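Mind docking chain B with the ligands on chain A? Use the hints.
Line by line, the protein sequences are chains A and B. Just so you know, we're using UniProt numbering here: the first sequence kicks off at 1 and counts up by one. Just so you know, we're using UniProt numbering here: the second sequence kicks off at 1 and counts up by one.
Think of the hints as simulated: they come from the structure by calculation, not from any bench. Here the structure is a predicted model, which is why all the values come from computation and not from measurement. Every clue listed holds true.
Just so you have them, the derived chain B footprint on chain A, three or more residues with Cβ under 8 Å:
(1) 73-81
(2) 97-106
(3) 190-197
(4) 250-264
Below, a list of computed lysine-lysine pairs in the BS3-like style, where the Cα atoms sit at most 30 Å apart:
(5) Lys252/B to Lys249/A
(6) Lys132/B to Lys252/B
(7) Lys46/B to Lys157/B
(8) Lys84/B to Lys77/A
(9) Lys67/B to Lys74/A
(10) Lys90/A to Lys74/A
(11) Lys158/A to Lys87/B
(12) Lys150/A to Lys84/B
(13) Lys77/A to Lys69/B
(14) Lys74/A to Lys84/B
(15) Lys234/A to Lys132/B
(16) Lys69/B to Lys74/A
Cβ-to-Cβ under 10 Å is the rule here; a few derived chain B residues that face chain A:
(17) Gly14
(18) Glu137
(19) Pro190
(20) Asp197
Every residue gets a Cβ at the ideal spot worked out from N, C-alpha and C, and that includes glycine.
What follows is each chain in one-letter form.
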Amino acid sequence: MIISIASGKGGTGKTTVAVNLALTLKDIIPVKLLDCDVEEPNAHLFLKPEFIEKDIVTLPIPQIDKKKCTLCGKCIKICAYHALARVGKKVLVFEELCHGCGGCSLLCPEGAITEINKEIGFVEKAIVKGIEFIRGTLTIGSALAPPVIKKVKSRISKDKLNIIDSPPGTSCPMINAVSGSDYCILVTEPTPFGLNDLKSAVESVRELEIPFGVIINRAGLGDKIIEDYLFEEKIPLLLKIPFNKLYAKSYANGNILIEDYPNLKQDFLQLWNFIEGRIKA
Amino acid sequence: MNEIVILSGKGGTGKTTVTALLAALSANAVLADCDVDAANLHILLKPEIKETFEFLGSQKAQINSYKCKGCGQCEKVCRFSAIKDFKVNSIFCEGCRVCYNICPEKAIDMIDTLAGHWYISDTKYGPMVHAKLGAAEENSGKLVSVVKKAAREIAEKAGKIIITDGPPGIGCPVISSLSGANLVLIVTEPTASGFHDFERLLNLANNFNVTIKVVINKFDIAEKKAREIEKYCINKGIEVIGKIPFDEEIIKSISEGIPPVLYSSGLAVQALKGIALSLFNDFGK
Ligand code: SF4
Ligand code: SF4
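The shape of chain A in the complex, shown without the other chains (with noise of 0.2 Å):
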C-alpha cells in the first residue's frame, strides 16, 4: 500500500505527518518512509538515521569521440533540450540541460557518441526507530529532480505500508513522487495562502484520479476558510492539528510531535483507520 503526503505550498507540515504517521503505524503494520523530497529532503532532520547503504543516482550523457564526429550537425538537430551546440569544430554538451533521453547517441549516424553516467544524487536506507527509511537528495546544481524520486520509488515493498513524503508544489517533482498511489494526504493551513495552494493541488490529484483527504495543519491560527471549500467540493478533512507554541517549538527544534505529545497518536491511528478502509472499499 502505498500513501503519500503532498501539499500545494511547502512548509505546510508535510514531513511532520509523514514522520509521525509512520512512527505511529509502525506498531500495527511494517512501515516504510520514502523522502521523495530530494530538493530539499528534511524527514531525516527529525529521525536522525545512520544510513546503512548509499546508491548513487546517475544519468546517461553523452560523449563525443571527436575522431569519429563529422560535424553533420544530426545531434544537434534532434536534441529536444538544446543541450547539444556547435562551437567552431566540436559538439559540445551542456550537461545541465541534458534527459539522459539517449536520441543523439541512438541516432548518430557515425557512432560516435557514447553514454558516461553523471552523478545527480543519491538514495540512502537506515532503519530507524523500527521503521525503514529512504531517503532520495539530488545533487546541489542538478535541475532534475524526476529521476532521483524515481529511484527512491523503486524502493517500495509490496508487503509494506510505504509512506511518501512528497515535494511541494504541483508539478513535474510533484506528479513523479505521487503517482501511483493509493492515497494521497494534501497537508494545508488555514491561510489565503494554504486554501490558494490546496486548490491547485487538489486539481492534481484529481487529475492522477487518486483519492485524497486533507489535514489542516496550525489550524485556528486563521479562519475558516479551508473547511468552507473542503465542504463545499466534499472533501474529507482528516484531521485539525491544532496551531501550538509548544508544537511549534517541539518542530523548530527537530523533535518528533509524538514523541512529546503522545496524546496525538491517538488522532494519526483514527486518520489512519479512515484511510484503510477508503482504500479497502
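Structure of chain B with the ligands alone, referenced to chain A:
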C-alpha cells in the same frame, strides 16, 4: 539593471510576504512571481490583469493508431517508461522526441500542450508579471524564464528594478530564477529544516555571480536556533540584514489590501522597513 530575487530553500518561511512588503515599500519596482508552481504573490498584491498569454509546455508524443504497425520500437527506446501498449502516458512523456525520430512508420506526432498562462498586470505598487501553471503540468523552469524575460523588458523600458518572488527548492525553477539576478535575499526561519534547506540553497547560490543577504523570519519562535543561523552566516561572511518577529498582522494587512505601513506599526513592520532601507540603499534605488 537591478534585480532582487527572494528565495528560501524550503517553502512556507514567509518569502512571499517579504516580497510583497518590499514591493509595497519600494514604489519603483516591477514585481515578478516566479513561484509559478504555487503562485501566491497575487493574493497579497491583488493585480489587475491587463494581458494574458498562453504558455506552451514541452511537446508530448501521440501515437497515430492507423499508422502504427505495432513494431514496439518506441516502447523500447523510451527511457521515461511513458509508452505502454502503443499508448503514451502524457504525465511521464518528457517530449524528448526519440520515439518520434525512431518510428519507421512515422506514426508518432509531437503535440503542443497548453501548460498554463502568464499575465502582465497592474498593482498598486507597480507592474507585475505572474503565471499559473496548469494542474499536473511540468516545465516550470521554462515558465520561470518566460516570466523573468517579460519582467525584464518592462523594467528596462521604465527604468525600474525587479523584485522577484522565487520558487522553493534548489531544482530547475530555482536555477532559472537565479540567472541574471544581482542580489539574492534568502528568507529563512529558525527551525531545523529551515536551516538545513538554507544551507543547501546557499551552496547552489554560491555558484552564481550574486550578492547574498539573509533575513530570519519569525526569529522569536526559537531564538536559540535563530542565533545559530546568525553565527553560521557571520562565519560564512554573509550579511544578516534583518530579523522579523512573528506577526500575523502583516499578512492580514496586505491581503486586505492595506499597505502594512499604514495598518500596523508593530515590530515586524519596523523590522521590514529596516530591511527595505538597507536593500534599496545598496541598489541606489
Ligand atoms: S550526429 Fe554524430 S556525427 Fe553528427 S554532429 Fe552529432 S556526433 Fe557528430
Ligand atoms: S541524451 Fe537526449 S537530452 Fe541528452 S544531449 Fe542527447 S538528445 Fe539531448
